[in-house]
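**Student:** Residue numbers (the numbering used here), protein chains in the order written: chain A, 1 to 643; chain B, 1 to 102; chain C, 1 to 467; chain D, 1 to 180; chain E, 1 to 500.
Worth flagging that the hints you see were computed from the coordinates, not collected in a lab.
The reader is advised that the hints may include incorrect statements.
[To be verified] Distance condition first, Cα-Cα at most 20 Å in a straight line; then the derived EDC-like pairs of lysine to aspartate or glutamate:
no.	chain 1	residue 1	chain 2	residue 2
1	C	LYS94	C	ASP145
2	A	LYS391	A	GLU550
3	B	LYS101	C	GLU345
4	A	LYS391	A	GLU567
5	C	LYS9	C	ASP63
6	B	LYS101	C	GLU348
7	C	LYS9	D	GLU146
8	C	LYS9	C	GLU69
Chain residues, written in single-letter form:
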Amino acid sequence: MNDVTSIALIPLLPLAGFLLLGLLGRSVSGRVAGVLATLLMAGASALALVVAWHYFFRDQAAGNAYLPQVIWQASWLPFSGGLGINVGILADPISVMMLVVVTFVSLMVHVFSLGYMHGEERLPAYYAFLGLFTFSMLGLVLSPNLLQTYIFWELVGLSSYLLIGFYFQRPAAVAAAKKAFIVTRFADLGFLVGILILAFCGNSLDIGTLLDRLTNTQAPQYAAATTASFAGITALTWGLTLVFVGGAGKSAMFPLHIWLPDAMEGPTPVSALIHAATMVVAGVYLVARLFPLYSINNASLLVVTAVGSFSALLAALIACTQTDIKRILAYSTMSQIGYMLFSLGVARYGGEQAAGFTASLFHLFTHAFFKSLLFLCAGAIIHRVHSNEVKDMGGLRRRMPVTHLCFLVACLAISGIPPFAGFFSKEQILHAAYADHKLVYATGLITSGLTAFYMFRLYFLIFWNQPSRQEDGHREGTLSMLVPLGILAACSLLAGLIPFGRFVSADGRPASGSSDWTFALAPVLLAAAAILVAERMYRRPSPWPQRLAERLGGLYRAARRKFYMDELYLFITKRIIFPWIGRPAAWIDRNVVDGLMNGIAAATQRISYWIRAMQSGRVQQYALFFFGGVLALAWVLIYVWQN
Amino acid sequence: MIPLSHILAVSTALFFIGVYGLLTRRNLITLLMSVELILNSVNINFVAFNKYLFPERLDGLFFTLFIIAIAAAEAAVAIAIVINLYRSHGSIDVEDSRDLKY
Amino acid sequence: MTAFFLLMKQELLVTLLLFILLFIKLSGRPWPAGRLAGLVHILLAINLAAGFCWIRPGHLFGDMYQTSELLAFEKNLLSLATLLISLFSVSWLKHHRHALEFYLLLLSTLLGMFLLLSSGNLLMFYLGLELAGIPLAALANFDLDRRRSSEAAMKYIFSSAFASGLLLFGISLLYGSTGTLSLAELPGHLAATPLELFAFILVFSGLGFKISAVPFHLWTADVYEGAPVVVTAYFSVVSKGSVVFFLLRVLYESFMPLQSHWYLLLSLVAVLTLLTGNLFAIRQQNLKRLLAFSSITQVGFILVGMSGQSPEGQASVLYFVLIYVFSNLAAFGVISLVSAATGRETLEDYRGFYRTNPALGWVLAIALFSLAGIPPTAGFFGKFFLLLAGVGKGHYLVIAIAALNMVISLYYYLRVVRAVFMESSLEPIGRVPVPWPARLSLALCTGGILVTGLASGAYQYLYSLVR
Amino acid sequence: MTAYQVSFYLISACLLGTALLAVTTRNLFRAAIWLLFSLVGVAALYFWMQVEFIAAVQIVVYVGGIVVLILFSVFLTQQTGQQLPRATRTRRISSLLAALAGLVLCWLLIRRSGLTATGRPFHWDMHRIGSHMLGTGDQGYALPFEVVSILLLAALVGCIAIALKSPSAQDNNQNPEDPA
Amino acid sequence: MNLNWLLLFPLLTALGILASGGPRPARRVACLGALLQLALACLLAGLYLQQRHGGDTSPFLFETNLSWYGPLHIRYHLGLDGISLSMILLTALVTLSGVLVSWSQQELSREFFLLLTMLSLGAYGFFLSLDLFTQFFFLELAVIPKFMLIGIWGSGRKEYSAMKLALMLLGGSALIFVGLAGLYVASGQAGQPGLDLATLQGLGLPAATQRLLFPFLFVGFGIFTALFPFHTWVPDGHASAPTAASMFLAGISMKLGGYGCLRVAAFLLPEAARYYSPVILVLATIAILYGALATLMQTDLKYMNAYSSVSHCGFVLLGIGMLTRTAITGAMLQMVSHGLMTALFFAAIGMIYDRTHTRQVAALGGLLSVMPFISTVFVIAGLCSLGLPGLSGFAAEVTVFMGSWERAGNFYHGVTVLACASIVVTAVYILRATGTALLGPLREESYGRLADARWNERLASALLVAGILLVGLAPFWLVRLLDPATDLIMQKLAALPPVN
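Bound-form chain A, shown alone (with noise of 0.2 Å):
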């Protein structure tokens, strides 16, 4: 079953949406086109998980590894010296699990918008550019080929951005998609530049070849690698490192986190599917799909480990403080992701230490459902409130009965309660940072604790705290909003149930997924003393968070304010680059370059100018010059100029 077509074609079948409503454009209505969207996506969706099924049961269980296979590839741009982007189709087990991920997310997210995004203008456009980010998700997921990571990794920006500002008539969402894409390209950037370098350490861009190169101590290009280059520093170091600024622009990590807020401009779905579950673990993906270089390499997994690990707190610091109900869940969504990078930068390749490989992968997994079941139910809560700030909320677990129960499980999930699937993967997460580093840990178990006190702050405020202004009865969503909500809080509840372990590892073989009990019990006391604290304090209104907030000072007030990260980049951009690179560089342009141009043909006419006189109209003076001339020119030629 595993044949190119059936895979090849899930990823396909998004981009035909794409192209059939692009070219179509506004001759179909919004509802055919959401349908027609939904449809495929169902049947890529179900392509995924029987690809999947195949994959983990039926092909390959035999080896007792999941050995990556390359199904399909076909050069697209060649280079010279073996070098070339090869396109192709990767089946390992990170791809076919971030396949069904994918796939599922967003075709929840489709049906969701069928409801939500109901009698919206340019909803085929909606739907094409949905199509074209499933596409590209899945493009990037497939990829054997570093290029060919980096084409979709573009293209995943691109999609986010024509998403983000969907609403493009509102200068927020226009600012928003413009900050988000620039603020990843300017990764990109990094992530380039790294490819180059490990293009051409390893001679190789696919990237089976590259890691078996690499890794082999034996093989030339290792030892190339391995010396140190510029600036003191192994090219190999440079390579994982810049590959990594990629992947933490993609991701939202510190410093590069400061789109992601502004991201959830784009409407609520699409917040649920790009920024959430798919696109924002992108770098998790890469890391996770390069893991074996960063396992030989200490100082770039120590920087995915210092990177995750403190953009998970900070996150979680910011997200505590926050008013608006999608950024909070973005800064959670942030705070996530950095939990999963520190775990990848504890991890180490093969046996026991690589548990925090799968753990990480785990994280993502899950994560994956309560996140974008939390944005779902945000996406509800906001279409029926209209806003996104939670004092304009407050009491809806009546009115939303359906929104708040699921809510709820995600909330649980995300705090690390057990048996909801956040524990699980959480839970590892902390048992594998535990096994390397203390201080990780402990960040890890102090995020955790936040992260439990600012997402109940958030049930609370939004479900309980002050009773229900809106009389108007019973307004819960369309069918077709609450059957996505209802199918991801089964997922959340239910997938910390999976051994994730046995499939998706490091080196492919099967790991033991066994939980220590009696390890969790930190975590999860933790949690439910967070959540206690988050209902005393929110459930009802009370004077305490405002008390807190003052005896906290400082603190919160640069949290609040996202500790000045966005000022810090409007002052380097608008105060630094365009007014002392950019118009330097247009007046230098204008004036010494143009003007050097200019001057030339100034001092021409100026020097014609001046010579005039000899054109005097004098004719003796003519025949002085004449007779000049003929002197000087005798004397150069008979007593100057002897050959």
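With the hints as your guide, set chains B, C, D and E onto chain A.
**Tutor:** Just chains B, C, D and E, lined up with the frame of chain A:
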């Protein structure tokens, strides 16, 4: 015997007297006179060369004759032009006809 | 006797023409200018046609007169140019009192140039030069009622007298030093002594005056501006062309023993000429004056090519003059038509010219492009070959300066094009009537500009002549 | 020093002196007269060189023709008593320098060239001149002769066309087209 | 196939336009001519591939080699290789869309189309010529039509810009001329006088000669392709030009320079190219970054695209300067890509300008809602410009980067990283312009009444978009097309003596 160079010196001196006149006189007719001096100096040259250096042929003599003839023609046309200029400008001072310049 | 007539046929035909005109003059019954022009056109055309038949080399009058296929070509070119000028001069001549005298003088200068080209002897050279020059001074005065015209004539006749004085002095020194006046014998007697060099420089300056090479050029702009447009055209094309041909011949034949000297001289003068011509031209407002300086620049290019000292150089110079005839005459043709119709000659006046006179606008533009050396006009080929010949020995500096000057010169040509095509004016020149002879002339020029470059026949023919 | 030699220097001195006066005097009429003397001096030099024919032509054409022409035009265009204006000092100095430089250069070149008289006899007689003048072969000057005749003709035509007063010219000469 | 057809067609078109009675027939003739040219170019591509497929490995196909100016050894030599073929396809495409975009040209339209056709004639001739004289002829042939197009139909300081463009370009060609003269002399000294590319490249000119002549030729051609600091004609020229002329100017005209640089630098004077490589690279990098930074500050859409062209053409020079196979291929790809993309961009800007009568970014806003088609075209062009995969810009740039990194050494790597950095800046200015001009609320009430693209504009844009997608989605065919030619270049470079 007078050395040839002395004759040449005379003619050259005459030539440059003519040149000086041509460069400094302001009346057009005096300019014309200076031109005649220049031509005369050339004539002296030709005759002297012919007589003292290349007496076999009469090239120099004939050249002189033709120069004299042409000098006449040139003077005639020049005077006609000067008269016309006098009519239009009311002056034959060379400094007065400077409409065309730069 | 037949041989005599055949060899001298071009001169004799022109003389015949002169006498016919003289008879008409003496018959006492004045002919209207149009009829006269028609007659002259026909006779000139016959002359031109005859020039292409029975071409053979030969000598007459001892060494005084010589002819060859090359000389016949050169004379034909001059005849053609005269015919073209005559064709577009009709609208100017119609109102002129002395149309017949105009033709008499014009043709006598043409005869002078023929004799100059055919001269085998410094005496004939001098006589030809004067015959070509003195009546020209009278012609420059032919706008009899205009101050500027007489000023121009005055400047020309005095400058020319001074120049021929120096030239004669040079010839006399040359005679004294070598003992011969024959151009053919000269190389055998030249020894590059300082006196000979000085004499050579004097002779060169006399010729340089005629072709307006810097620093002997200062009369050019004033005379070109003051003289009637038709005469200016004649000055800049026929007069200049004939002397270029002659200079080419004497440099490559008579003065070959001084070649390393004249190479330097030519290079120096060429660079000066290019720079000066261009630097003055970029400021000009009067089109005639602009073209005067442009023609100085063109001479600079010619001198660069001439300094190449190779058959290619010779052929390129001849070829360039051929092209220059067409280009310059096309430009002057348009200007003379406009001048005759409206009396307007400045750049300002030409604003928006294209909107009222598209055909003339195109002709002017094509002519200017050819002068600037822009493909596909022949000027491009002409300039390219000149400079290619000039670089023959690998002296890049002159070529680089020349190439730089091509850019400067482009500026002022394009300024004219800009005025004609792009700018607009409150009172543009109205529709200019173009009588059919002028039309024919402009068509011939334009055709020449477009064909002589793309078809390589002309160049190959010239090359075969000089080799 | 023989009288022959002395006479050369005398003639030369007169010739150059009068020439100098001709180009410096500030009276137009006197300048013409000095020029006349100078041209006569040149003729005398020809006599001294024993080329009487040229001397005769010099006197006939120059003295009899050109100077008279010049005198006529002087009368036509100028009140004879008037002082001629002088050129500017700069012009005079620079011209003087140029002329002197030229003179020095020429003198140096002549000195260096080593041109000395050969002493070979120089024969000419009217018959030879006449036969050469009308000859068409080697050393025949028939062609230049004809050319000069045409040139004179053309010059005549040109003079007539330009200098002949015409009614329209009279109208216009008082109000020149642009007084710039 | 006889390549003369490709020159004859535009010539006939020009004559047809001259003969046509008025503006309407003129544009029909022009369009028909352009269409036929495109068809011919495609046919040529087919025949070329067939011939290559048949195993023909000669460097140039379909040669026409006639003596033109025999005494001067100047030949009329046409020939085709992959590089010229790709350029010819580009020219044909841009010409057709240029004619279509100018369909509603009112003022002096006969002259307009005539000049446009002349321009394409010059470009075809240039790309086909194998004799440097012929090539030079066509190079200059293409300058004056630009001058006229800008000066007559342009906007803003049109006369100034036209003059500047003409003078700078012809200044460049003057430099080229000096180089050619030097080559001519050198070939004469080597015993085979002439300017035939095929002959010259086989001569193995001495290193000193190469180093002497290279700067003239390279800078000369470089001016055409906006080599820093001789790029200043680009902003003014492009900004003042009418739409079709801008398209042609940036789309094709600047490619003449790149093509010339490649032919001369890597093909004719490989020794000197290697010698001067660091200088070229520095200049190219400056052009890339500095062009991009200067673009950031532009407020006029045309100026923006013009400066971005400076930046993008820097990649061409970078690729050529790197002298690796991949980099050179990348430079070629970039030439094609930039040609299509920038033509599309100018078309879109022209359409916007036609309707709103402003090109100031700040004066526009929210156009997407009233003219979705034009805005989409604009966005596609912009995305191509910022190197989005799937569009041609990415394939080209990534090839250049890969090829550049191939040169080992911190200098080369540093240059490459700096060049890469421009993709960020590009993204910034493209998105800023898009965000302000197309997105957001409508800036002016009156914009609401504006119409979207007409059929001719749609067709023109579609053609170019198709080209961009074709290259962007399937760059391999273009690379394969270029391959034999790059092979030849590589052979020449490989044959160089090692650097001591």
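**Student:** If a hint holds in the structure, say so; if it doesn't, say that too.
**Tutor:** Evaluated hints:
A hinted pair counts as satisfied when its Cα atoms are at most 20 Å apart, and LYS94 of chain C with ASP145 of chain C qualifies at roughly 15 Å. At roughly 19 Å between alpha-carbon atoms, LYS391 of chain A and GLU550 of chain A fall within 20 Å of each other, so this suggested pair holds. Among the hinted pairs, LYS101 of chain B with GLU345 of chain C is consistent with the structure: their alpha-carbon atoms are about 16 Å apart, no more than 20 Å. Between the alpha carbons of LYS391 of chain A and GLU567 of chain A the distance comes to roughly 25 Å, so the proposed pair goes past 20 Å and is violated.
Using a Cα cut-off of 20 Å, the hinted pair LYS9 of chain C and ASP63 of chain C holds, with the two alpha carbons roughly 18 Å apart. Between LYS101 of chain B and GLU348 of chain C the alpha-carbon distance is near 18 Å, which keeps this suggested pair within the 20 Å criterion. Restraint check for LYS9 of chain C and GLU146 of chain D: satisfied, since their Cα atoms lie roughly 16 Å apart, inside the 20 Å limit. Taking the CA atoms of LYS9 of chain C and GLU69 of chain C, the gap is near 13 Å; set against the 20 Å cutoff, the hint holds.
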